[in-house]
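S.K.: The residues making up each chain are set out below.
Protein chains: 2
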Amino acid sequence: MANLLIIGAGGVSRVATVKAAQNKDTFTKITLASRTKSKCDEIAKFIKERLNVDIQTAEINADDTEAVVNLIKKTGAEILLNVALPYQNLTLMDACIKTKIHYIDTANYEHPDTPKFEYKLQWEKDDEFKKSGILGLLGSGFDPGVTNVFCAYASQYLFDEIHYIDILDCNAGDHGYAFATNFNPEINLREVSANGRYWKKTANSSSDRVTNWDSDEWVETKPMEIGFKWDYPEIGVKDTYLLYHEELESLSKNIKGLKQIRFFMTFGESYLTHMKCLENVGMLRVDEVEHNGVKIVPIQFLKTLLPDPASLGARTKGKTNIGCVIRGLKDGKEKQIYIYNVCDHEECYAETGAQGVSYTTGVPAMIGSKLVAKGIWSGKGVFNMEEFDAKPFMDELMTQGLAWKIIEMKPGESYKVGEI
Amino acid sequence: MANLLIIGAGGVSRVATVKAAQNKDTFTKITLASRTKSKCDEIAKFIKERLNVDIQTAEINADDTEAVVNLIKKTGAEILLNVALPYQNLTLMDACIKTKIHYIDTANYEHPDTPKFEYKLQWEKDDEFKKSGILGLLGSGFDPGVTNVFCAYASQYLFDEIHYIDILDCNAGDHGYAFATNFNPEINLREVSANGRYWKKTANSSSDRVTNWDSDEWVETKPMEIGFKWDYPEIGVKDTYLLYHEELESLSKNIKGLKQIRFFMTFGESYLTHMKCLENVGMLRVDEVEHNGVKIVPIQFLKTLLPDPASLGARTKGKTNIGCVIRGLKDGKEKQIYIYNVCDHEECYAETGAQGVSYTTGVPAMIGSKLVAKGIWSGKGVFNMEEFDAKPFMDELMTQGLAWKIIEMKPGESYKVGEI
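Chains as they are written, first to last, in the UniProt record's numbering: chain A, 1 to 420; chain B, 1 to 420.
Looking at chain A on its own, in the form it has when it is part of the complex (with noise of 0.2 Å):
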C-alpha cells in the first residue's frame, strides 16, 4: 500500500521500523537511512531474524535538503517519517515539499544553537505544503502525540466541553546506576533548569497560529516552581513537577472552549540532587574549560563519564505511566476522566531491542505514518495530531503495544496525596 522511508537509527527509529515490519500489509516497502548505515543494517538484521521481513538501508546526510530528494526518488518513498533530531525537521519538510510526499516527525523543530520549542516555523510551512498536495503531521509521538489524541478523543467522543486538562508524565524506570541519562545530558539539565510554563485562558487568548508567548495567556513558572506528590495508576506515588512540553502550543489553539492547560513530568529526588550537585561544581557548564592545557567542555566529558544511554535499554525494569487528567461538561454535567496508557520496559525491551522511553514515541511514530498511508487522516498542509478524528488512533493504539484505560473520576477529584 505504501511505500515508506524512515530517516534516523536511534531508539525510536528502531521501534518504529521494527513496528512498521509488523505492519508489512500497510508499508509495502520501508526504507532505513541514517548518517550511520551500519546502525541501520543491525535493525535490519534484527527485523529480518525477528519478524523474517526485508528492510532496505541507505546512508543519509538529514541536513542537506537535496541529498534527502535523491534519496526520496531513489526509493520512490511516498511518506518520510522523521525520527532523525528536531534539528533537521525543515530541511525534510522541504524535501517533503520538493518531491510531493507526506511529512511525519514526532518533535517541534529546535534550532542546535538557540534552542526555543515552538512550531512557529513548521505551521509557516502550510501553504507549500497545500500547494503540494501533501500532508504534514507534526508531533506524532507519546507526548506530544498520543498526548494530543488522548485529548482530542475526549473532545470527539467523551466531552461537550473540556475545561481544564493536566497532562502527567511518569517513568518509573530503574536502570540500577546511582545515576545516568536517558538522553544526552545537555538536554536533560535544560528540563531540570529551565522556568515551567502553563496556559489559561484570558481576554487576550486568541486561536491565531502565530503564538504570543508575551501574552498574558502564558503564566512563566520557576524552574520546579510547582511540584507535588502523585499517585500514578499501577505505579504509585512519584514526584511530579511543572514544565513548559511543546503540545502545549497547539492543544490550547485546538481545544475549544479550553480554560487551562498545564504539563508535569516527574524527576525522583536522587535525580534533581545529583543534578543540583553537578551543577554546583561547575559539571553542567557549557563553555571550555582549560585543564592542563587542554579545553574541556565540562558537560561534555560528564557525558563521556555517563553510561551510555543505548546501555540502559538492557536493564531498565519498571513502567512507564504518561496520561491526562481531563474536566469539562458532558450533558450539562461535571465530568472528570484520567485517560493513560502504562508501558512496561522490559517488555518493550524483548519485543523492539528499545526500552519504554523509546517505544512510546516509536509506536505512535508508526501509526500516523500507517493512518496517512491507508488515508484515513488525510488534509493538505500541515497539521497538529488532535486536527483528525482520534478514534482510528485511539483503537491503533490497543493493538500496537500502547493499550489505554480510561479511569473515571468525580469532578475536582485529584491524584494528589502530598507536598514536596
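None of these hints come from the bench; they were simulated from the model.
One should not assume that every hint holds.
Because identical chains cannot be distinguished in the list, a pair is counted as satisfied if it fits within a single copy or across any two copies.
Claimed, not checked - Here are the computed lysine-lysine pairs in the DSS-like style, where the Cα-Cα straight-line distance is at most 30 Å:
(1) LYS73 - LYS130
(2) LYS410 - LYS238
(3) LYS130 - LYS380
(4) LYS201 - LYS259
(5) LYS200 - LYS120
(6) LYS317 - LYS276
(7) LYS391 - LYS131
(8) LYS45 - LYS74
(9) LYS39 - LYS330
(10) LYS276 - LYS405
(11) LYS45 - LYS374
(12) LYS222 - LYS276
We have chain A; now place chain B onto it with these hints.
M.R.: Just chain B now, with coordinates in the frame of chain A:
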C-alpha cells in the same frame, strides 16, 4: 637565640613563618624555602610590611636530601621546621641527621603512591637521631599536636588515671560556595571513603613502638559508620563522624592506663551529598579516562573546576573547635573534662593572610620549634608531643593565638544531642 629553617610555602607555612617573626627574640634568623621561591618572597614581603621583620628566602627541592643539607650548611640553621608535604618527612629527617640539627614536623610521613598513616618509618630513625645528638619532634600541628598536648596536660596535671579520650574536630567555617574543598579533593575523598578505626585496650595491648594494626585492640569501622550530632561549645550542633587519625597511634601507647581513644570530625550533610554524587558519576576516579582523544583523570579535572583552596581563606567565616573529652580518675573519684580551643577564621586571616585550618596547624608548629629552640623541650631521639612536659606548650598557646578552655563535665556526660 636560634636560626630557623622553614621548608614549605603553603598556608601552614605562612602562619608558622608569621608567628616565628612575631617571636624574633627566639628566632634571630628565619629562612623560608620551597620549590617555588616566589611564594616565599610573597610571604616575606607580607611579614616585612606587617611586622618589619626580615625573612630570608630560598629555592629548595625537599625531595633532594643533599640539596637540603647544602641549604642547612649555607644558612647555618639549627632547627628545621618541615611544613612541606608529608611525602618529604623522611628525606628532611635524613638531612637533619647529616647536619645534626633538630627536626620538627606537623604530620605523619606518607608515601605518595600508597598512603598509609603510621609512625613506623619515622620512629625507626630514633637511633640515628640519638647518635647525632638531635631531637625530632613529630606532629607539632593541632591534630596531631595540640590534641596530644591536651591529653598530656590532663595526664600530667589533672588526672591520676585517664581511661577514655574522644578527640573532636569541628570546622564550622563557611566559604559561601555550594561546594569547595580546603585541600586537594583527592585527600578530602580519602577521609570520607576510608574505613574508620579506633583503639581500645585488650589483653593483647602492648606499648611496643611497632604497632600491630591487626591486633584486636584496633577496631575497624565502615566509612561514616559511627556518627552523631554533637553540640560544640561556642559553635553549636554539627554532624560528627568517627575517623582514624594519626595521633591515636602514639597516644594509645603513651597515655598509660588508657582503655579507649577515638577521633571524630565534622562533615556537613551537603558536603557528603556532593562527594557521594561526584563519586556516583565517576568524577572522583583517579584513573585516566579517554575523552575526545585526550586522557583525563576525573578527580584532577574536578580540582580544575573547583575554587582554588588558597582563595577560600579570604572569604571563610565562622569558627573551628578542636578539643578532647577526657574521662578518668582523680583522688579516687570519677572525673571528666572537655578541653578545647575555638578559633575564628576571619581573625586568623586578618592576622596572617591564612584561614583557621592553616592557622591552627601553623601556630603549634612555631610553638614546638620555640620550645626546642629554647631548650625547654630537649632530648635525643624521635619524640611525640605527649612525651614532654605539657605545661610550657599550654602556656604558649594562651599567648600565641590559640587560647584554650576547660569545661568540667559530669562523669559520663555527653554533648551528643542526637543521631544522624
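S.K.: Between copies, within a copy, both or neither: which fits LYS200 and LYS120 at Cα up to 30 Å?
M.R.: within (20 Å within a copy, 74 Å between copies)
S.K.: Is it within a copy, between copies, both, or neither that the alpha carbon of LYS73 lies no farther than 30 Å from that of LYS130?
M.R.: Within one copy only: 21 Å inside a chain, 94 Å across chains, cut-off 30 Å.
S.K.: Can you give me the call for LYS45 and LYS74, within, between, both or neither, at a CA distance of at most 30 Å?
M.R.: For LYS45 and LYS74, only the intra-copy Cα distance (22 Å) is at most 30 Å; the inter-copy one is 79 Å.
S.K.: Tell me, please, which holds for LYS276 and LYS405 at an alpha-carbon limit of 30 Å: within, between, both or neither?
M.R.: neither (36 Å within a copy, 41 Å between copies)
S.K.: Up to 30 Å between alpha-carbons, please classify LYS201 paired with LYS259: within, between, both or neither.
M.R.: Within one copy only: 5 Å inside, 75 Å across.
S.K.: For the identical chains here, do LYS45 and LYS374 meet the 30 Å Cα criterion within one copy, between copies, both, or neither?
M.R.: within (27 Å within a copy, 86 Å between copies)
S.K.: Is it within a copy, between copies, both, or neither that the alpha carbon of LYS391 lies no farther than 30 Å from that of LYS131?
M.R.: Within one copy only: 28 Å inside, 99 Å across.
S.K.: Taking 30 Å as the upper bound on the Cα-Cα distance, should LYS222 and LYS276 be classified as within, between, both, or neither?
M.R.: For LYS222 and LYS276, both the intra-copy (15 Å) and inter-copy (27 Å) Cα distances are at most 30 Å.
S.K.: At most 30 Å between alpha carbons: which applies to LYS130 and LYS380, within, between, both or neither?
M.R.: within (5 Å within a copy, 100 Å between copies)
S.K.: Could you figure out if LYS317 and LYS276 sit no more than 30 Å apart (CA to CA) within one copy, between two copies, both or neither?
M.R.: both (25 Å within a copy, 24 Å between copies)
S.K.: Should LYS39 paired with LYS330 be assigned to within, between, both, or neither, using CA atoms and 30 Å as the limit?
M.R.: Neither. Shortest intra-copy (50 Å) and inter-copy (80 Å) distances fail the 30 Å Cα cut-off.
S.K.: Between copies, within a copy, both or neither: which fits LYS410 and LYS238 at Cα up to 30 Å?
M.R.: Cα proximity of LYS410 and LYS238: one copy only (22 Å, versus 49 Å across).
When held up to the earlier numbered hints, the structure conflicts with 9, 10 and fits the remainder.
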